[in-house]
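Visitor: Each chain, written out:
Number of protein chains: 2
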Amino acid sequence: MSSVRQIANELGISVATVSRAMNQRSGVSEETRRKVLELAQRHQYKPSMGRKPTNIIGLVYPEEPVKSDLGDFEASLLSGILRGVYEKKHDLAFISAARDKHPDETYTQFFHRKGVSAIIMRSLGDTSLVERITSEGFPVLLVADRSEDPAVSYLDSISHDTSRKAIEHLISLGHKRIGLAMHNIVDTDHQDRESGYRDALHDAGIKVDESLIVKAEANTAGGEIMLTRLLEQEHPPTAIFFTNPMSTIGALHKCLRLGIKVPKDLSIVGFDDSVTRHQTFPRYTAVCQDAISLGVEAARWITRAAQSDEAMPIYREVRPTSFEVLETTSYASVSPVRIGPDGELIRTV
Amino acid sequence: MSSVRQIANELGISVATVSRAMNQRSGVSEETRRKVLELAQRHQYKPSMGRKPTNIIGLVYPEEPVKSDLGDFEASLLSGILRGVYEKKHDLAFISAARDKHPDETYTQFFHRKGVSAIIMRSLGDTSLVERITSEGFPVLLVADRSEDPAVSYLDSISHDTSRKAIEHLISLGHKRIGLAMHNIVDTDHQDRESGYRDALHDAGIKVDESLIVKAEANTAGGEIMLTRLLEQEHPPTAIFFTNPMSTIGALHKCLRLGIKVPKDLSIVGFDDSVTRHQTFPRYTAVCQDAISLGVEAARWITRAAQSDEAMPIYREVRPTSFEVLETTSYASVSPVRIGPDGELIRTV
DNA sequence: TCCTACAGCGTAACAGTTACGGGCCCTCAA
DNA sequence: TTGAGGGCCCGTAACTGTTACGCTGTAGGA
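Keeping their order, the protein sequence lines are chains A and B. So in our numbering, spot 278 of the first sequence is number 376, and the numbers just go up one at a time. So in our numbering, spot 290 of the second sequence is number 388, and the numbers just go up one at a time.
Check before you lean on any hint, since a few could be wrong.
Just so you know, same-sequence chains aren't split out, so a pair can sit in one copy or run between any two.
[As the list claims (entries may be wrong)] Computed list of lysine-lysine pairs in BS3-like fashion (alpha-carbon distance at most 30 Å, straight line):
no., residue 1, residue 2
1, Lys199, Lys186
2, Lys187, Lys133
3, Lys133, Lys199
4, Lys133, Lys144
5, Lys199, Lys187
6, Lys359, Lys133
Since the hints were made in silico from the structure, they are not lab data.
Generate coordinates for the entire structure from the input sequences, incorporating the hints supplied.
Guide: This is the structure we're talking about:
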């Protein structure tokens, strides 16, 4: 209905100018460009490229560039997304949201210019971008996070109940001082895990000791740091819940290096996005989410949204996680270990 | 120069028919379609989509669908490729080579139809596809493998010399019976590592014992299997070279579980694509390749190839790997351990 | 005053795609 | 036998967006 020529007529300019304005080419005054983009937005203009429909799904990260090392979670999620997208005969393109978007053009215009008909978004803690894109009416699915905005569709996994179950498991083994080692970037997932931790302790009548909650980066170094920080305390915990796979790995290796026997001296509950829990020594008890199936499901929904012409109903799903007991949790130690000022191991009597 | 209308004229048909034939739409007889595609290939026809240049780089895997779990190497490689592609203001799309390519259309036509101007390919052991695409003149770079075909451009890392250095390191520590644990899918990388192993032993005057060379899948289970198979022998090795990160991890954990002291009882040299060697206990001595920088470099070259109009000169580079001594190699044990029929540990005197 | 340079824009020709309709052939019923 | 329908194949023409080329006006300097 609305074409380049229509916009040109309405503004009393030529189609060439409109096209130039749309594609960030030179030879257009800033004022004309702004008017064109503004009118295009009002008309919900979609370039239809000789009418040929495109079937590319975009995968958008807010950061630029994508952080150098795709973690285990991102890799598993991507595997799942690829599988789902291929199943529906679409392709997948990585799109950088920040790189070459013109400030005056809307995200809708930007994605159309890239030939992308719908996107899957990661938030990494900041959901403002997905809310803005949703408000433009462009089909977008937030994956592995949630948004307060009631218009945003998302697919997340919920770890509150399972985290709570994990802490209850520890309490049932006699643990009373339980540490919580979290990612220092707060998203809803980590809030979930923290509230599960607090609820379990509260219901068991154990007062939360804020000094037992530590935060660091979600990598092996962060795991070592958090373990050390917790065990250097005068009254160290007898069990720790790590909310991230990499920090769990780092902590387990630090224990091996220091001579801390897991689970005899210290019980550890970790988090797993795929099969990492089976690849450590000892295999760790974990709250598990299935990142692959999360990706598959996200891809299935977004391909449907890309194909349907009218707007999809808002979609919100939180998938349950599971709790798997392996080899790193046991009865609370009667003589908890702590780390001395020189890094040596001290057994409290 | 050659347009849809030109092809239509030459065949005495209409542009609509040509367009339909190109895009796998119905309403064209098979014979006409074949004639159109054949002539388009002869004319080196490139659809130029209203003259608008596309700048999407394709990432192509021969298998369909992409194997469910992107390994550490694939994830690191992808990180690097993304970084390089973004740096050059291009986008990256995953393309499935097998999914919806029409048998009669060439790969060049297929990629143009997808809006992809150049591709990076993974081989997974079979280089026939990249050779075929190269022969069509489409810009393609094979990454992390090599091809015999002199027309194929590739970027690989060579591990022969470094593998040899690793074995020489073991020999200098007094090891004489050294096991080789390989991936059961043979590509040039693994051939490299095997020949480095053989050359080092040969030059040291040690006869290769074929029973010390075992193969399995490149995952943790494969590592455990290979370790077991080697140590069950009557004259077990005192050191093992694992040519894959995941099998190295599996073997190290199996050692912890069995009570085999590394490196006192058994020395292990592993392989690393990123930073895995620092995330095990003990940290393992390894032949290291940098998958991220491999990806960055591949992306830089292919974006240049995508932008230049004429064909690029053939590009071939093999990047060196490095050898890093960490905590899993030491002097050859005087009383090598072996695994008994019931899985128990036996110390040979 | 005249010349040059450049930014901004329009005309027209180009690219590829598709709605519509028209032959052609086959089938089936009157 | 003939007419009606229907499906396949294809062409005409109208549509999409893009760009080479040239025009106009303005600013600056010789």
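Visitor: Could you run down the list of hints and mark each one as holding or not?
Guide: A quick look at each hint next to the structure:
1. Lys199 x Lys186: both (28 Å within a copy, 15 Å between copies)
2. Lys187 x Lys133: Result: close only across copies, 27 Å inter versus 37 Å intra.
3. Lys133 x Lys199: The answer is within: 17 Å in one copy meets 30 Å, while 42 Å across copies does not.
4. Lys133 x Lys144: Answer is within: at 16 Å inside a copy they meet the 30 Å cutoff, but 35 Å across does not.
5. Lys199 x Lys187: So Lys199 and Lys187 pass the 30 Å test inside a copy (28 Å) and across (11 Å) alike.
6. Lys359 x Lys133: The answer is neither: 69 Å in one copy and 73 Å across copies each exceed 30 Å.
In this structure, the one hint that does not hold is number 6.
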